[in-house]
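J.: Chains as they are written, first to last, in my numbering: chain P, 1 to 236; chain Z, 1 to 236; chain D, 1 to 236; chain W, 1 to 236; chain S, 1 to 236.
Heads up, none of these hints are tricks.
Across the chosen pairs, the derived CB separations fall in these ranges:
| # | chain 1 | residue 1 | chain 2 | residue 2 | range |
| --- | --- | --- | --- | --- | --- |
| 1 | S | Ser33 | W | Gly160 | 27 to 35 Å |
| 2 | W | Ser101 | P | Phe169 | 48 to 56 Å |
| 3 | P | Pro99 | Z | Gly145 | 37 to 45 Å |
| 4 | W | Gly160 | S | Ala157 | 39 to 47 Å |
| 5 | W | Lys158 | D | Leu134 | 51 to 59 Å |
Please keep in mind that the hints were generated in silico from the structure rather than gathered at the bench. All residues carry an ideal CB built from backbone N, CA and C; glycine is no exception.
Residues per chain are reported as follows:
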Amino acid sequence: MSVLQTTDIAGGSYSLAFFAMLAASVLLLIATSWVSGRWKLSVTLSALTTIIAAVNYYEARGVWLATSQVPLIYHYVGWALTIPLEVIALYFFVRAIGPVSVALFWRLLVVAVVTILARFMGEAGFMHPTLGFLIGIAGWLYLLGEFYFGRLGESVAKSGNEPAQRGYFWLRLIVTIGWAIYPLGNFIASFAGGTDSGSLAIAYNLADLINRGAFGLVIVAVAINHTHPSGAKKGA
Amino acid sequence: MSVLQTTDIAGGSYSLAFFAMLAASVLLLIATSWVSGRWKLSVTLSALTTIIAAVNYYEARGVWLATSQVPLIYHYVGWALTIPLEVIALYFFVRAIGPVSVALFWRLLVVAVVTILARFMGEAGFMHPTLGFLIGIAGWLYLLGEFYFGRLGESVAKSGNEPAQRGYFWLRLIVTIGWAIYPLGNFIASFAGGTDSGSLAIAYNLADLINRGAFGLVIVAVAINHTHPSGAKKGA
Amino acid sequence: MSVLQTTDIAGGSYSLAFFAMLAASVLLLIATSWVSGRWKLSVTLSALTTIIAAVNYYEARGVWLATSQVPLIYHYVGWALTIPLEVIALYFFVRAIGPVSVALFWRLLVVAVVTILARFMGEAGFMHPTLGFLIGIAGWLYLLGEFYFGRLGESVAKSGNEPAQRGYFWLRLIVTIGWAIYPLGNFIASFAGGTDSGSLAIAYNLADLINRGAFGLVIVAVAINHTHPSGAKKGA
Amino acid sequence: MSVLQTTDIAGGSYSLAFFAMLAASVLLLIATSWVSGRWKLSVTLSALTTIIAAVNYYEARGVWLATSQVPLIYHYVGWALTIPLEVIALYFFVRAIGPVSVALFWRLLVVAVVTILARFMGEAGFMHPTLGFLIGIAGWLYLLGEFYFGRLGESVAKSGNEPAQRGYFWLRLIVTIGWAIYPLGNFIASFAGGTDSGSLAIAYNLADLINRGAFGLVIVAVAINHTHPSGAKKGA
Amino acid sequence: MSVLQTTDIAGGSYSLAFFAMLAASVLLLIATSWVSGRWKLSVTLSALTTIIAAVNYYEARGVWLATSQVPLIYHYVGWALTIPLEVIALYFFVRAIGPVSVALFWRLLVVAVVTILARFMGEAGFMHPTLGFLIGIAGWLYLLGEFYFGRLGESVAKSGNEPAQRGYFWLRLIVTIGWAIYPLGNFIASFAGGTDSGSLAIAYNLADLINRGAFGLVIVAVAINHTHPSGAKKGA
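From just these sequences and the hints, can you work out the full model?
T.: Written out as structure tokens, the structure reads:
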């Protein structure tokens, strides 16, 4: 039997991430019944990312405990679904308060998928690492561009919905700062040889607490505030 | 312990399909509470196909990691339930917007079951492969005929329900293009010797993302749009 | 690791039965929220039979894959709960549309339990096989008598509820034809030596698809039709 | 792999108890949504006892199949939670129809916990077996005294609620007759050497079907009858 | 197979804690549908702590049965999430009945996280044990100060909501007495060499029954009383 030892910080970070994602999943799933119809989809999409992350961390932890390393593909299978799901959640978050085109939906989805795919192919050796890294960076910058200067931000600004504007600010910040771990880790894994894979795993796991957990909590907080305007929990 | 390696694309495709089906199942199950009564059955039937697929992929992935191949029967046990369930989901999708006979229900169900059964018996050697392939092709063409030229399409056209018509267009397209992988794979497995079973598995797994996941999402999108006509998530 | 091989039809039938019962359980559980109060109990009781069958088949499949046979007791533990539960579901099905006495409830329950118990004791050698077989036959005939000539049929006939009458017709047919597999298998196992246990398992597993799955679907179809009279899915 | 053999009646009784508790748990959990607010708590507490029992039996069955005996502590860990929970369920059952003091709640809870603890310590050798047995008997008699001659019975009698009175009669009978197995088994295990642990296990397992399952069904039957007075399932 | 032996009290305490947390989780999750909107969040947060504790105890029990000891990190991974979650639950408990600032939320959260982190680092040797112990004590005293003399107690006192005031009294008592086990255990583990790890585990496990289970039950009791003022279960 594989036992987690007290000094195995990387293993502990997998365990912590698993429990945190489990708790976030239950909270977000229950919260879908607290928010009004227009918010249900983005809250549910956030819940999907934490559910996927919870199962993914559970499996990755088992691999770590058995072999003291986790192949890249475990992280990338998770990201290939959770990152596009979060981009879509952000799209539907904005659509709950203002108009956005369906074409934007498809652009965001395709770019998010291509970004993850390129990083994976670069790191796994199916593509030249530099090319994979550059496509990944380009995709991320495109997404940030849409979030800061595109229709999404514009629609939020026009909505006049103050809690949603504050929520959008935080979600965008998570996507800017929190997601920076992915190209950074991609760079390290592709070019900076000899990294301690444990440290990178800890960084990924803690970053994902923000990128999955805090992301979903911001969405649900805005949704509850908007559903019950006079104080989040004062309505019956 | 069987560990998925980063370069094991076939194994990764099982893992990706498992997580995608898991997430789709949660989304579709929750969505059954968002749509009005007439749509609940077809959304729930879609959820059943993704639940079956999720468990099926979970088991198939375990077999792949342990033995680097997955016996045909794993795929066919899944298809034997999911393909007829989707045909039935399509039937109830149409019945939500217009009249269709109960006799058609039974015809579709029987043909779908016979189609899968014949393919399986051909590939597994319980029937002459050519015969199995031909019955499978005939069944598929019959189903396409019903969807394009039969009462289903007619009923949709008469309904005047524009979102449902668009949804039906996409569902039929998935059944035409996406399901073509099954007779194709059947042909390859039965006649074209020496195929790399990994490639076929990847093709099956990615196709099933469309055939199970996108199928269900189209149904739920139409159902939500029809339940809350003035913008999917603006109601309530 | 025990892997299901493509030519292992008996193993495949356990797998198919497991997936079918899993899907039926989800459908029936969700459907309890679609039907009006008077139908909830019989739909839920049907769901309990498919849940028990799903777990039972999951375990039996594991035993089959590991040892290529499944001891009788696996089937009988399942039947000892599912058969009485279905008899009770039929009782509450009728009670939803007309009066039936509580005494009948207890008679049906006791006879159903005794029937299964006698068959098991005969086959397992705790009782003379002939005696067990005869008690099993007597119990089954008594139940059929109640369903055809007793108060249940009478109450259904008097109700004037056409969909329920049609449903009762099908449920009774399942109990007559579908359940005939149990005394038949009991006879073969007790007296006809040298049977291929794989064939009997296949027969049991396919029969249970009807006896558990179709049984529950008939009940839920009647309940939905009665709850939303103007077309099953048009309400709400 | 540990396989249950057809002649292993004790193993079969663990399996039967597991499946029965599983089905009872699903039924009771669903039924919490059928009954009015005042009954929800006692129905839910009954569900908790069957859930604990289901998991407990699942684990005990595994131990039995692997070692052909189940250490006492498996049963006592279950009882340490289920017996007090049922005493509390009975308290809230009565409180749904008439006034009972909070002090009684604490007395019942403490006595129930002490009763189980004393039996366990006597049987496990942490206390003189005779002392443990006597404390256990005293606790049980105190509980029976409260149920027959204390405020609970009085409150039920004054309520004039006929279905609840009948339900209380049955619940008290289960506590009198069904629970007698526990001091009896305690006596046998503590003093009558050389018992066949299989027989005791069968007796415990079948008794728990009544003590957990029938107990919960009586509560839910009263709650449904009281919620929908004109026939349990006739209300919408 | 690892089997729990009757005299293994530490193992039994893991098992008991697991079952208790499982039952508490089900009860609290169901209870979220019984209470009015303002109470849903604190009840749900309590449910998250019992869910995390249930899974955590399940895993810790497995480790104990296999190796007769449980590395510290299992407890600390659980506490790192459950202790901050309970502090937050207490914050939202108060916010349901009176105004409290958002800044206080962040102070409580940060202090709770730092407290657990310092204890862990001290015990695991990543920090000087004395320093870890002192930071842990300081954090705990700060939290107690907020609960006794800060805005939370003030807001509760001003609310005039008698059941909430009584509930707050009990919650604060649990945090004062029940949580004292953590710095105490921290002291023993860091300084008092040669402790029997079994005794400490039993103390932790039984304390957590109060600190997780009773904590949640107090919150849900207040929430039910406030939602249905005229007697907890009398409302429909």
